[in-house]
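Participant: These protein sequence lines are chains U and V, in that order. For the first sequence, my numbering gives the first residue as 1, with consecutive numbering after it. For the second sequence, my numbering gives the first residue as 662, with consecutive numbering after it.
Since the hints were derived computationally from the structure, they do not count as laboratory data. Some hints here could point you the wrong way.
For lysine to aspartate or glutamate, the following DMTMM-like pairs were computed, each having C-alpha atoms within a straight-line distance of at most 20 Å [what the hints assert, rightly or not]:
| hint | chain 1 | residue 1 | chain 2 | residue 2 |
| --- | --- | --- | --- | --- |
| 1 | U | K484 | U | E505 |
| 2 | V | K763 | U | E454 |
| 3 | V | K854 | U | E505 |
Non-contacting residues of chain V with respect to chain U, defined by C-beta distances greater than 12 Å in every case (computed) [unchecked claim]:
| hint | residue |
| --- | --- |
| 4 | N677 |
| 5 | G721 |
| 6 | V877 |
| 7 | F940 |
| 8 | Y967 |
Quick reminder that beta carbons are idealized off the backbone N, C-alpha and C, glycines included.
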Amino acid sequence: MKFRIKDLKNYISGNIDFNKLANLLTLKSFETVYNKDFLEVDILPNRYPDSSSLVGLAKEIGIILNKKIKEPIIKIKETSKSKNYYLKIIKETDQCFSYFGKIILNIKNQKSPQWLREFVNFYGFNSINFLVDLSNFVMIEYGAPLHLFDLDKIKGNVYVRISKKGEKFLSLDDKVYLLEGKEIVIADDEKILALAGIKGSRTAEVTLETKNILIEAAVFDPYKIYETSRRLGLKTEASFRFERKVSPYLSLKSLNRLCQLIEKNMKAEITKGIFGLQKIENKILDFDFKKIAKLSGIELKIKEFENILKLLSIKIIKKNKDGYYKLKIPLERLDIENEQDLVEEIIRIYGLNNIPEIYEFPKREITASKHIDINFHLKNILISMGINEGYNYNFCSDKDNEYFNLPSEYKAVEVLNPLSENFKYFNFTLIFNLLKSVYLNQFNFNQIKLFQIEKTGYFKNNKVNEEYNLAIIYAFKDPLKILKYLKGVLSYLFEQLGIEILLKEKKNDNIFSVSSEIILKDNLKIGVFGLVSKKILQNYLIDLNVGVIEINLDFLYDKIKLDKKFVIWPTFPTISRDISFLLDEKINFKEISDCIYGLNIKILKEIKLIDVYFPEKTNLKSFTLRLIFAHPERNLREEEVDDLLSKIIHSLLSKFNIVLR
Amino acid sequence: MRLIEDLKKIFQEAENKFQYVKNDKELEELRIKYLGRKSYLVNFPSLIKNLSLEEKKEVGKLYNDIKKRIEELYKQAKNLIKEEEIKFDFDDPGEEIEQGRKHLISQTFEKVSKIFLEIGFSIVDFNQIVSEKENFDYLNIPVNHPARDLWDTLWVKNIKNEERYLFRTHTSCFQVPIIKKIGVPLRAIVYGKVFRYEATDRTHDFEFLQLDGISVSEDSNLAHLKYVTRRFFQLFFDKEISIRLRPGYFPFVEPGLEIDIGCIFCNQKGCQVCKKSGFIEVAGAGMIHSFVLKSAGIDFKKYQGYAFGFGLDRLIMLKHGINDIRILHSSDLRFIKQF
Chain U
1 MKFRIKDLKN YISGNIDFNK LANLLTLKSF ETVYNKDFLE VDILPNRYPD
51 SSSLVGLAKE IGIILNKKIK EPIIKIKETS KSKNYYLKII KETDQCFSYF
101 GKIILNIKNQ KSPQWLREFV NFYGFNSINF LVDLSNFVMI EYGAPLHLFD
151 LDKIKGNVYV RISKKGEKFL SLDDKVYLLE GKEIVIADDE KILALAGIKG
201 SRTAEVTLET KNILIEAAVF DPYKIYETSR RLGLKTEASF RFERKVSPYL
251 SLKSLNRLCQ LIEKNMKAEI TKGIFGLQKI ENKILDFDFK KIAKLSGIEL
301 KIKEFENILK LLSIKIIKKN KDGYYKLKIP LERLDIENEQ DLVEEIIRIY
351 GLNNIPEIYE FPKREITASK HIDINFHLKN ILISMGINEG YNYNFCSDKD
401 NEYFNLPSEY KAVEVLNPLS ENFKYFNFTL IFNLLKSVYL NQFNFNQIKL
451 FQIEKTGYFK NNKVNEEYNL AIIYAFKDPL KILKYLKGVL SYLFEQLGIE
501 ILLKEKKNDN IFSVSSEIIL KDNLKIGVFG LVSKKILQNY LIDLNVGVIE
551 INLDFLYDKI KLDKKFVIWP TFPTISRDIS FLLDEKINFK EISDCIYGLN
601 IKILKEIKLI DVYFPEKTNL KSFTLRLIFA HPERNLREEE VDDLLSKIIH
651 SLLSKFNIVL R
Chain V
662 MRLIEDLKKI FQEAENKFQY VKNDKELEEL RIKYLGRKSY LVNFPSLIKN
712 LSLEEKKEVG KLYNDIKKRI EELYKQAKNL IKEEEIKFDF DDPGEEIEQG
762 RKHLISQTFE KVSKIFLEIG FSIVDFNQIV SEKENFDYLN IPVNHPARDL
812 WDTLWVKNIK NEERYLFRTH TSCFQVPIIK KIGVPLRAIV YGKVFRYEAT
862 DRTHDFEFLQ LDGISVSEDS NLAHLKYVTR RFFQLFFDKE ISIRLRPGYF
912 PFVEPGLEID IGCIFCNQKG CQVCKKSGFI EVAGAGMIHS FVLKSAGIDF
962 KKYQGYAFGF GLDRLIMLKH GINDIRILHS SDLRFIKQF
């Protein structure tokens, strides 16, 4: 909020260095910028009730500069005419916390003088007429919004009530609003006079012709005002202030101040009595002096503490020698409600930068989340293979949702109020994210390797389940190379994690043209590996071929072995033999290796499949195996290995009908 | 005897050839010829299988002698070969090294974790989809607070009439659940994505990154908080950092503070980044509100604690000179490969 320097000077005496003041306000109260003619002050939301006004800010300045301020002395002369002669005010809803009113008669309204026009313009209002401008002046002076009604336009009594569904409200700027039966309104016997706390209506508008007025000084439920203002798209200075709470004490004070100013400037008659008058009492709080040091580390002396209380106009009602106090809180300070609030007041005035810096020993062992730790480790393995880490939003579209076909026991987490169609569901897979990343990069790179580890989620048994997924994508021209590369990645990754996996071919997948499930030894499906189909790629406008691995990490966190055991290499040299042969394409490597291991050759240490290809126009495929032999206690002779090899080939010949190449 | 002749001939030939060896390649060829697995010399023993004992002795002795001498010749020749002259232009760009990169955000997470473990905070993981209670109620954010409505928060579409769920709007939502889970004393941080119903531009995104930390014990106070935050920023920016505390307001702390750091670009002399103020606002903090401790079932007369939170995107952007949050939040390899 902006405050003119010349206005502030009316409330604070003496010379002030406003540069220094702005700095002090920033450190002790609110972030403030000094701008030659005005201060721009960022008043904290909880301090709005007491500080968003000239008098309020002046008080704050008085506190931090230890200066007395000049608050207006409010005295009004009432006539003997009773307010009750004109109307009654009936408050029908608890969502209006207080409703004070006063009636003034025989006013000679006129155009505002120059100084007032300038004043209201600076604080963001159009000048309307003397009466209206004065009520805005008082709102800026004391912080409480007031509202004026032309008394002669009110039919019958005034009601503070909830609107009826379908009721219409005609605002001062001639717009009609249809009400929902939820808004607080001020009405007379016939019509709505104002949308409470937000805007007045033409019905009882104060104009230059107005002679008699009802002044409203009310406090409404902040949320109600917020809700109505948002729903109708109507924001005003008054609604802004009511949303941040208004102090009933300042509301009442403002009412009297406005009466005083009207009488002084326009010679009006103020009727006797105030509508809705109620006693407003100070809060009394218990305070333990030791709490200051306990919460802030600042060791204050009792005297310093009591001096600060005095500056803050907090009165000591009672105290004992152990430092227990009973304190009376100023009426406008709605924000001070307990000991912690009081400590805040004391230490900010004393100076927050006097808080010492102390190292605190952890009072229990500290740990790092295992999931986060393993995720870092996985990322290290993946980047070591030359794969980059991508970053994406955690949401996907309707289209993505359709393609994916979540298992029927799961349901996607839908956003109630999505920002756009592209961000309608929380991710249940990272595949689409990475496809979008490929699209983004394909104009600059001809091969793209990316991975992502991120949360995914879905409903399961009506509960939200969050899991970490890992997805790896490789985009390139040659589909076979993609699959071979990703298979290599998969093998290396799981070898590093110390987990054995199996692949089981999957048929008729929605997303992939070729794919397999990734399965653990105990048959648990942990992921999928495949080549994305042309149909999907076209939908994401991707020109390259794309292969994907996606793994649900939640299955793995307990199985990953980060600590490895040392294995001694063979003492005597190994001998290896390669064999290549053709076989039926339906036979898989496991069947072949099972057959060979079945021969129980003790010195056969390992069988590696080092090459696979499919000769054209046949139902055959070619395997090249590398067999590795070693003896733990002696050198092997070439001849004994050759003998064993013939035995192996013989066995494969008879069992699988292979053709040696 | 022919075998003896042959051996002598081989030796002479070898002696001759080893003299003129010029480089490693030639030497290796000779080694294979005279001492390799298939060479005459190495296979020589099988040739004398059928000789008489006397002859074996004689030939064997010569064989051993010659083999030893050829091995000697090999060694000498090897020692004599001069360092080969290799031409290499050091302007040659070298081979292209293909290394994957972690996203800058991941690198930051790692750095932040390391710093907080060093300062003495546990690193915890927390959900991104949380209940309305966790995100608002427990944190003293009133039922009628504007943040709860559809204009500020992304809500989950309920599938049953149950408690409302939402995409966490701040990492502070971990406070009550973590205290309930672990109990006190406790020092922990959480970081990660948070979500808001907000339009995206150069400095705003509807998904962004926050970090939140709390310490609860019988005496955790603002002096401890001051140490922790100053030390964090010092280690994060790898610079001496001064910090400045100002009053701030957040419903879940009291007293509430704003934390500024002395501008790291101009050493507090005033520049564009700090808008001439010499300070950059980086964090919100304060003593945990008694309401929050009560929500966590903690005796707030006995225990107290501090909390702090900051936006990580801004810190990363400041540190690395990134001026558009949408680039930071992307998979653009032109960005990723820079870090």
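Participant: Among the hints numbered above, which are violated by the structure, and what are their numbers in rising order?
Facilitator: 3, 6, 7, 8
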